[in-house]
Every structure is written in structure tokens, then in C-alpha cells.
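Make a model of the complete structure from these sequences and hints.
Taking full-length UniProt numbering, I'd label the letters of the sequence shown as residues 1 to 471.
For the record, the hints were derived by calculation from the structure and aren't laboratory data. Being a predicted model, the structure only gives us computed values, none of them experimental. It cannot be assumed that every hint is accurate.
List time: in silico DSBU-like cross-link candidates among lysine-lysine, alpha-carbon distance up to 35 angstroms [to be verified]:
(1) K467 x K384
(2) K267 x K131
(3) K32 x K131
(4) K6 x K468
(5) K83 x K326
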Amino acid sequence: MTELQKRISFIGLVALGAAGVIGTSWIYTNSKFFAAYGAGGEIFGFVVATVIASLIALAYAELSTVFPRAGGEVVYTYVAFGKTTSFIAGWALVGAYLASLAFYVTASSLLLAWIFPQLEQGPYYVIAGTKIHLPELIVGIAITLLVFLVNYYGAHLASGIQIVMFGTMIVLGLLLVIVGFTHGQASNFWPAWSKDMNPFLSTMRFVLPAMTYLTGFELVAVLAEEANMPVRKIGISVILSVVLAGLFYTIVLLSSAWVIPWQETAKLKLGTIDAFKVAGFPALGWAAYFISVLGLVTSFVGLFAATPRLILSLSRAGVLPQTFTKTHPKYGTPVNALYLTLGFALGLGWLGKGAMVWFLDMGGFAIAIAWVLATLSLIKIRKKYPNLRGAYRTSATLLPLIGGIVAIIIAIATLIPGTPLSLAWPYEYIVLGVWAIVGVILYAKAPKGNEEEALKNLLGEYYEAIKKATD
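Right, here's the structure in full:
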């Protein structure tokens with residue numbers, strides 16, 4: 001059995017997408033960013049980044065309704081450019097997602113250590129200058145196994161849990177916003193930049209870092225095959241995921257600059273968490289901390305759902321062994337791909353947070369490449385199959401193209417030394433090079449099968465639409 005079950009609701013898909021975007025560190029690193037860019041630089045930088053990410057999401061929204069199949073970019077690039085480009089897109093995303101999953105293995109217990117400091121005691125080892133204690137590793141492994149089981153028993157279970165966690169994040173965020181705006185004042189926020197800052201340049205400088213906080217909406221396209229809804233709603237889910245996440249970031253961060261003077265927040269250790277404690281609302285400080293925990297778990301669940309679907313699609317395309325196309329007869333989940341994902345997460349997770357940062361930064365480059373290829377795929381498919389129309393159609397191709405250009409800038413910025421997004425020399429360049437070499441070896445050893453047959457496997461029932469559009 002190789003088919004996935006359509007059991008994800010519209011709300012579940014939006015929750016997987018939006019909660020997959022909202023991460024964990026943004027809520028306490030804003031003190032650092034306020035100091036560097038001003039409160040206005042970070043907050044308005046997020047607004048600009050959300051607009052740009054939404055432009056990129058337009059390409060995904062249209063393509064996910066033309067080809068609502070597992071794998072997202074793997075499918076789109078195969079149709080547009082063929083097997084090689086499809087593998088590049090898929091392999092880049094698999095690397096990015098696996099890096100994040102491995103990071104979460106120990107990062108999850110690191111957050112819990114703020115409440116239970118005993119986790120950072122006992123036997124330990126050191127990698128990349130970071131101590132990994134045995135208790136935190138055990139807790140991290142236990143959480144990883146729990147996330148694996150949630151995904152093993154079906155995407156509908158993962159999406160249901162995601163709805164609950166995302167809803168909780170929204171409620172807690174609203175509490176911060178209501179109290180922040182009713183007990184704070186505008187003069188705490190404005191002027192939103194220090195006297196020595198150029199407002200425009202400070203805002204633009206934060207746009208690229210902000211874009212890295214808006215990755216994850218592509219999960220919706222990867223999971224599209226299991227969406228139980230009219231196809232048009234899949235495209236709407238992609239756009240909503242970006243907009244909701246960007247709005248959540250912006251308004252919660254604004255509340256932290258409103259409740260006390262943002263210059264004070266900039267001097268605190270844990271940003272929003274400490275800002276509400278200083279303002280006299282310690283319970284809301286813990287609410288902000290809990291948002292951070294939920295952000296980590298929702299990202300963990302979402303990526304653990306998406307990664308096996310990417311592996312499954314690469315297997316359908318004939319560049320990974322066919323065993324990874326197998327799905328569970330009862331739950332409809334890609335079981336072998338799930339086991340492989342678990343193996344990679346645990347196999348790399350023991351390296352700890354210090355080493356995994358190298359992988360995470362490489363992942364930022366990989367996602368930017370995937371964004372570029374998805375945007376180019378939209379343009380190519382429209383030109384190649386002018387009669388092929390999805391249920392959601394972007395009226396102006398120029399808009400996602402603008403987003404694609406920004407994605408190219410992000411990719412270049414990670415490779416060029418001296419930018420805010422530059423990879424760290426030499427380790428992160430080595431990690432990127434090794435992942436690329438492994439990919440080249442896998443691709444070279446892949447059986448030279450019939451590409452038309454692989455396209456049929458990737459597209460399933462939508463293969464006929466391609467043939468009709470060609471006729």
C-alpha cells in the first residue's frame with residue numbers, strides 16, 4: 001500500500017502550517033534584536049518580511065491546488081524541470097527539516113531546564129563547546145519518541161493535537177496583547193528607534209533575519225495529499241499560515257514594547273518573558289515562556305509530519321529506494337519514511353545544540369533554495385502548460401516572482417561572508433558540502449528508471465491533467 005489517507009481538516013492544515021512557522025526563540029530574543037535594530041526595526045521588519053513571505057506563498061498556494069500531492073516542491077520541480085532539479089529541491093528540504101528535528105531533540109529539554117534545573121546536572125559530554133547532560137538527552141529522546149508516535153498514528157491525530165496547541169498559543173498571545181496595551185502606553189514604544197539609528201535602514205536590515213522566522217508554511221504543500229477539503233482551501237491554507245504567523249509575531253512583540261519602555265526590554269535577558277515580569281505581571285511572563293515551549297513542540301510535530309512525506313515523494317520519483325513509499329495499512333502513514341526520520345533525528349540529536357546550530361544555518365540556505373525553485377516552477381509550469389489551471393490562481397505572476405528574488409538574495413546572503421545570515425566558517429560550509437556530496441552520491445546510484453513512470457507515481461490521479469494540458 002502506497003497511498004496516503006485524506007484525513008486533515010482545513011483548520012488542522014492551517015494549524016500545521018501557521019504553528020509550524022511560529023518558532024520558539026523569537027519571544028525571548030527580541031531583547032537582543034531591540035538593542036540592535038530598535039523596537040521599530042524588529043517589528044516593522046517583521047511586517048515587511050511577512051509581506052515578502054506571502055508573495056512566495058502565492059506560488060505554493062497555486063501549485064498546491066494544481067498538484068495536491070505529497071512532497072510539494074519535489075512534485076512541482078519534477079513537472080517543471082525534471083528529475084535532477086526535483087531531487088535538488090527535495091534533498092535540500094530534507095536536510096533542512098532533519099537539521100531542525102535533530103536540534104529539537106535537546107532543545108526541548110533545554111527549555112524545560114528553566115523550570116527543572118536538575119536536567120542540567122549529572123554526567124555530561126561536550127560537543128562544539130556545549131555540554132549535553134544525560135538527563136536532558138533522555139528527556140529529549142522521550143519527547144522525540146512521543147512526537148514520532150503522534151505522527152505514526154496518522155496525520156489527523158497530529159493535526160488535531162496541533163489545533164489544540166495552536167489555539168492555546170493564540171489565547172496566551174491575546175492575554176499578553178490585551179494586558180500589554182491596556183497597562184502600557186504608546187510613549188513606551190515611540191520613538192521606536194534610538195537617536196543613532198536610521199529607521200529605514202534598521203528596519204531593512206532586520207528583514208532578512210525575519211524571513212528565517214517565517215519558514216514552515218511550505219509544510220502545507222507537502223501535506224496537501226492528505227487534505228480532506230475542496231482543493232481551493234489548500235491554497236488558502238498556505239496564505240493563512242504565513243499571515244497568521246506574521247500577525248502573531250508582530251502584535252505580541254509590539255505588546256512587549258508597549259507594556260514597558262522598549263529600551264528597558266532591550267536590556268533584559270529574556271525579552272518578552274522578562275518584560276511582563278518587570279511590568280508586574282509574572283504570570284504573563286510564564287505565559288510568554290509557555291508560548292515558547294508550544295512553539296517548539298508545534299514546529300517539532302509539523303516537521304516530523306512533513307519530512308517523511310518528502311522522503312516518500314523522493315521515493316516515488318525513483319531517487320530513493322521504493323521501500324519508503326510504503327504506508328501503514330490502517331493509519332495510512334508512510335511508516336518506513338517515518339522510521340528513517342526518527343533514526344536521523346536521534347542519530348544527529350545527541351550532538352547537542354552547539355553542533356546542531358551548524359546544521360540549522362545550512363537549513364536556512366536550503367529552504368531559500370526551495371523557495372526559489374518553487375517560484376520558478378510556477379512560472380515554468382504556466383508557460384509549459386498554459387491550459388492547466390488550479391482551483392487557486394495568483395492573478396499576477398510578478399508578485400511571487402518578487403518573493404522569489406528575495407529568496408535568491410537570502411540564499412546568496414548565507415554564502416557570502418560578512419552578512420547577518422552568513423554561514424560560520426569553516427564548519428557550516430563543511431556541513432553544507434557534505435550534505436551536497438551525499439546527495440550527489442545518492443542521485444548517482446539511483447536506478448535509471450523511466451522518468452514518465454516516475455512522474456505518474458508522483459502525480460497519481462493528476463497525471464491525466466498533465467496529459468490533457470499537453471494535447
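| query | Going straight from one Cα to the other, do K6 and K468 come out at no more than 35 angstroms? | reply | 25 angstroms, holds
| query | Has the given pair, K83 with K326, been kept, meaning a C-alpha gap of at most 35 angstroms? | reply | Holds. K83 to K326 sits at ~21 angstroms (cutoff 35 angstroms).
| Keeping to a limit of 35 angstroms between CA atoms, is the pair of K32 and K131 held or broken? | Status holds; Cα separation ~23 angstroms.
| Taking 35 angstroms as the top limit, are the C-alpha atoms of K467 and K384 close enough? | Within the cut-off at roughly 12 angstroms; holds.
| request: Quickly compare the C-alpha distance for K267 and K131 to 35 angstroms and report which way the hint goes. | output: OK: K267 and K131 at ~27 angstroms, within 35 angstroms.
In summary, this structure violates none of the numbered hints.
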